[in-house]
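Visitor: In case you want the letters, here they are:
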Amino acid sequence: MKSLLHSLILATGLTAMQASASGGLEIDDPFARAVPPGTPNSAVFFTIENEGTQDRAIVSASSPAAKVVELHTHIMEDGMAKMREVPRILVPAGGETKLKPGGLHVMLLGLHHDLVEGEAVSVTLNFDDGTGKTFSAPIRRVKRMMKHAGKHHDAKGH
Amino acid sequence: MDPVTSTPAESTFSPARSGLLIGLIALLALVGGYMVADQGFLDSLNAGTIRSVHGASVLEPPRPIPAFTLTDSRGEAYTQTSLRDRWTFVFFGYTYCPDVCPMALTRFNEVHELLSAQQALDDVHFMFVSVDPPRDSLERLGNYVTFFNRDFLAATGDPDQIETFARASGAVYVRVPGRDESNYLIDHSAAAFLYDPDGRLHAVFNAPHDPFQITRALAAIRSQQL
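Respectively, the protein sequence lines represent chains A and B.
Counting from 1, one number per residue, gives the positions in the first sequence under this note's numbering.
Counting from 159, one number per residue, gives the positions in the second sequence under this note's numbering.
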């Protein structure tokens with residue numbers, strides 16, 4: 001009983017420590033791209049803010065929605081869009097980093113199920129100081145450039 | 159290897175003789191180069207000028223497309239003659255593409271809407287050519303493109319046929335090494351290609367794609383063409 005209590009205290013303490021350690025990092029406007037049925041890959045985008053005084057970095061990510069989750073960026077080279085894994089994504093102290101279509105993204109490889117618009121996926125980011133942060137990313141289509149409300153349902157909310 | 163160039167005697171050549179030798183080697187290299195060069199490469203050497211029209215690169219003169227045969231997502235043959243009598247936007251990609259292809263197809267869906275609003279859609283077609291035939295079946299391709307727009311078509315076929323069409327258009331793609339057989343990625347051109355009613359490559363639209371710019375460019379190109 002004593003050891004169980006001990007474990008509980010330890011677990012609670014760890015959780016509190018994690019929360020405070022990654023507390024300076026805020027995730028804004030996360031979303032996972034909705035994909036056509038049967039499409040095995042997708043990506044998650046968000047803006048991450050660092051309210052702390054030290055630079056931080058995302059070093060890995062995971063999600064129950066996909067077999068493999070990687071940190072990626074795009075480079076334009078030889079007229080081709082090349083997607084490449086990056087070891088870390090820096091979030092500067094007092095600044096923010098945007099993960100957005102055509103740039104940095106959390107890549108979901110080998111989806112376990114279709115990403116259906118209106119649902120959400122859980123994503124965990126791991127940081128260079130050993131802490132982590134889990135959030136829910138709503139699934140939606142790519143934002144339109146055209147602002148008018150057309151016949152398409154994905155025009156709303158922009 | 160040529161015994162002349164591989165012996166120490168080479169160093170005793172007079173400047174005039176070695177100059178002649180270099181000239182001969184250069185000529186051989188040139189001839190050899192032409193022998194291995196494909197038509198697309200030669201065309202690119204002869205490709206007149208590129209004019210920028212609302213962000214689009216317009217080829218002057220437009221580039222002819224050699225014969226190719228693919229199959230489209232309705233199960234029908236898609237060949238160089240399918241490009242005729244219409245304006246066709248083509249994007250070379252693959253359905254496992256996590257970012258670039260969904261982005262492009264979303265933007266071209268907006269182009270489709272703009273053209274529809276301008277009643278300028280009738281003779282404009284949108285084609286997604288998969289450069290990943292091992293994984294992209296026609297059924298998968300059909301489901302994929304119609305997710306973005308029900309008028310969009312897709313096509314794929316034998317790798318050499320895809321390459322004929324892509325290469326003549328200046329589209330490039332290469333599989334990223336080091337991934338397993340089931341979930342590899344492909345680097346590919348992020349540009350979209352526009353073919354005119356004579357079936358020639360008329361303009362190239364580099365990414366990122368702005369639907370308003372593309373629609374304006376198409377109108378300008380058409381007004382010069384017709």
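Everything labelled a hint here was simulated from the structure, so no lab data went into it.
Ideal placement from N, C-alpha and C gives every residue a C-beta, glycine not left out.
Treat the hints with care, as some may be off.
[What the hints assert, rightly or not] Distance ranges between label pairs, derived from CB positions:
| hint | chain 1 | residue 1 | chain 2 | residue 2 | range |
| --- | --- | --- | --- | --- | --- |
| 1 | A | Glu96 | B | Gln277 | 37 to 45 angstroms |
| 2 | A | Gly118 | B | Pro224 | 42 to 50 angstroms |
| 3 | B | Asp356 | A | Gly110 | 38 to 46 angstroms |
| 4 | B | Thr207 | A | His113 | 45 to 53 angstroms |
| 5 | B | Thr207 | A | Gly52 | 28 to 36 angstroms |
| 6 | A | Thr73 | B | Gly233 | 36 to 44 angstroms |
| 7 | A | Asp29 | B | Tyr342 | 29 to 37 angstroms |
| 8 | B | Arg337 | A | Gly102 | 20 to 28 angstroms |
| 9 | B | Val332 | A | Lys67 | 22 to 30 angstroms |
| 10 | B | Arg242 | A | His112 | 38 to 46 angstroms |
| 11 | A | Lys67 | B | Gln277 | 40 to 48 angstroms |
| 12 | A | Gly110 | B | Thr207 | 40 to 48 angstroms |
| 13 | B | Pro355 | A | Glu26 | 47 to 55 angstroms |
| 14 | A | Ser60 | B | Pro292 | 37 to 45 angstroms |
[What the hints assert, rightly or not] Covered stretches of chain B, going by a simulated chain A footprint (3 or more residues, C-beta under 8 angstroms):
| hint | stretch |
| --- | --- |
| 15 | 246-257 |
| 16 | 268-280 |
| 17 | 295-303 |
| 18 | 307-315 |
| 19 | 355-369 |
Visitor: Run every hint past the structure and note whether it holds.
Guide: Here is how each hint holds up against the structure:
For the pair glutamate 96 of chain A and glutamine 277 of chain B, the supplied restraint of 37 to 45 angstroms holds, since their beta-carbon distance comes to about 44 angstroms. Range check, glycine 118 of chain A to proline 224 of chain B: about 46 angstroms between beta-carbon atoms, so the 42 to 50 angstroms window is met. For aspartate 356 of chain B paired with glycine 110 of chain A, a C-beta distance near 44 angstroms keeps the hint of 38 to 46 angstroms intact. Hint check: threonine 207 of chain B to histidine 113 of chain A, Cβ distance near 51 angstroms, so the stated range 45 to 53 angstroms holds.
Roughly 54 angstroms separates the CB atoms of threonine 207 of chain B and glycine 52 of chain A, a value that falls outside the hinted 28 to 36 angstroms. Distance hint check: the CB atoms of threonine 73 of chain A and glycine 233 of chain B are about 38 angstroms apart, consistent with the given range 36 to 44 angstroms. The hint said 29 to 37 angstroms for the Cβ distance between aspartate 29 of chain A and tyrosine 342 of chain B, and at roughly 31 angstroms that hint holds. A C-beta distance of roughly 21 angstroms is found between arginine 337 of chain B and glycine 102 of chain A, which places it inside the suggested range of 20 to 28 angstroms.
Restraint check, valine 332 of chain B to lysine 67 of chain A: a C-beta distance of roughly 24 angstroms satisfies the suggested window 22 to 30 angstroms. Checked against the given bound of 38 to 46 angstroms, the beta carbons of arginine 242 of chain B and histidine 112 of chain A, roughly 44 angstroms apart, stay inside it. Here the CB-CB span from lysine 67 of chain A to glutamine 277 of chain B is close to 46 angstroms, well matched to the stated 40 to 48 angstroms. Between glycine 110 of chain A and threonine 207 of chain B the Cβ separation comes to about 46 angstroms, which falls inside the hinted range of 40 to 48 angstroms.
For proline 355 of chain B paired with glutamate 26 of chain A, a C-beta distance near 53 angstroms keeps the hint of 47 to 55 angstroms intact. At about 30 angstroms, the beta-carbon gap between serine 60 of chain A and proline 292 of chain B misses the expected band of 37 to 45 angstroms. As drawn, the stretch 246-257 of chain B meets chain A at 5 residues by the rule of a beta-carbon pair under 8 angstroms; at three or more, the given contact holds. With 3 residues having a beta carbon nearer than 8 angstroms to a beta carbon of chain A, the stretch 268-280 of chain B meets the requirement of three or more and the stated coverage holds.
Here the stretch 295-303 of chain B counts 3 residues with a CB under 8 angstroms from a CB of chain A, which clears the bar of 3, and the coverage holds. Counting residues of the stretch 307-315 of chain B whose beta carbon lies closer than 8 angstroms to any beta carbon of chain A gives 0, which falls below the threshold of three, so the coverage claim is violated. Coverage of the stretch 355-369 of chain B by chain A holds. Counting CB-CB distances below 8 angstroms, 4 residues qualify, and the rule asks for three or more.
Of the numbered hints stated above, those contradicted by the structure are hints 5, 14, 18, listed in ascending order.
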